Amino acid sequence: MPVARTESLELRSAADVVSVRQVVRTWAIDAGFSLVDQTKMVTAASEIARNTVDYGGGGTAVLELINDGVRRGLRVVFEDRGPGIPDIQQAMTDHFTTGNGLGLGLGGARRLVNEFHISSRVGEGTRVTITRWK
Amino acid sequence: MDRIPILKLRDLLLVTIQVDMHDRLALQLQDELTTRISETGARGVLIDISSLDIVDSFIGRMIANIAAMARVLDAQTVVVGMQPAVAITLVELGLTLPGVRTALNVDKGMALLESATREDEDVPGADAGRTD
Numbered sequence: 001m002p003v004a005r006t007e008s009l010e011l012r013s014a015a016d017v018v019s020v021r022q023v024v025r026t027w028a029i030d031a032g033f034s035l036v037d038q039t040k041m042v043t044a045a046s047e048i049a050r051n052t053v054d055y056g057g058g059g060t061a062v063l064e065l066i067n068d069g070v071r072r073g074l075r076v077v078f079e080d081r082g083p084g085i086p087d088i089q090q091a092m093t094d095h096f097t098t099g100n101g102l103g104l105g106l107g108g109a110r111r112l113v114n115e116f117h118i119s120s121r122v123g124e125g126t127r128v129t130i131t132r133w134k
Numbered sequence: 135m136d137r138i139p140i141l142k143l144r145d146l147l148l149v150t151i152q153v154d155m156h157d158r159l160a161l162q163l164q165d166e167l168t169t170r171i172s173e174t175g176a177r178g179v180l181i182d183i184s185s186l187d188i189v190d191s192f193i194g195r196m197i198a199n200i201a202a203m204a205r206v207l208d209a210q211t212v213v214v215g216m217q218p219a220v221a222i223t224l225v226e227l228g229l230t231l232p233g234v235r236t237a238l239n240v241d242k243g244m245a246l247l248e249s250a251t252r253e254d255e256d257v258p259g260a261d262a263g264r265t266d
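If you read the protein sequences in the order shown, they are chains A and B. FYI, this note's numbering numbers position 88 of the first sequence as 88, with every residue one higher than the one before it. FYI, this note's numbering numbers position 113 of the second sequence as 247, with every residue one higher than the one before it.
Since the hints were derived computationally from the structure, they do not count as laboratory data. Do not rely on the hints blindly, as some may be mistaken.
[Said to hold, decoys possible] Residues on chain B that point at chain A, a partial pick, calculated with CB under 10 Å:
1) D157
2) D165
3) S191
4) V206
5) D208
Keep in mind it's a predicted model, so treat the numbers as computed, not measured. Note that the Cβ used here is the ideal one computed from N, Cα and C, for glycine as well.
Please model the entire structure based on the sequences and the hints provided.
This is the structure we're talking about:
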């Protein structure tokens, strides 16, 4: 799939989560998203970015402005080299949490985007890809 | 370090969140507001979130926590000014903010707080057994 533009952001701290939100907002505007779609994509990115920092020990967020020939979209790939998630099914369940959150992060983020993909290996890390189309 | 100002107006505390809050700032606000309620004996807390362009699960939890802690300290909380796109996203995210009163704007929020705190004074013990 043609990638028009790409950018990689470091995710180490709570302040980096805020930066990711702001950059995703700018890119969602560039992709021509409505205000509601921008808000959903930024909120989903915020949830996953926080997981990358809090549970993955930090990592990266790679933004891609994509085009499948018909429509434009925004994809963000979050990657960490943290402990990994032993049971993804369980982690995706609403109100499941190992930390002090609400446990809405992964499941909630999935509801806010068009495509959601997660892969994780215990001891190696986790990768979450979210995509929203205009 | 950023700080979110808390204003006291008669027996109310007013907070306008105007920055994109990182998680530590949200937790700090939660702590400071709780302390201020206890110090001032405020009966109501009004939180204006009209400048917030997202509320994710962490910020949502902070708002719910403030409302719960305020209630334990005998104060009511009203959240005002939520942007429509934020409201749509919150519901889809699965966050319903149980126990948090909301109003469309500061005027309506103040009116709600005034009537809520007056009710409390009129009917001693009226809160007993309330579960919301």
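Here is what the structure says about each hint:
| no. | hint | in the structure |
| --- | --- | --- |
| 1 | D157 | holds (4 Å) |
| 2 | D165 | violated (14 Å) |
| 3 | S191 | holds (4 Å) |
| 4 | V206 | violated (19 Å) |
| 5 | D208 | violated (26 Å) |
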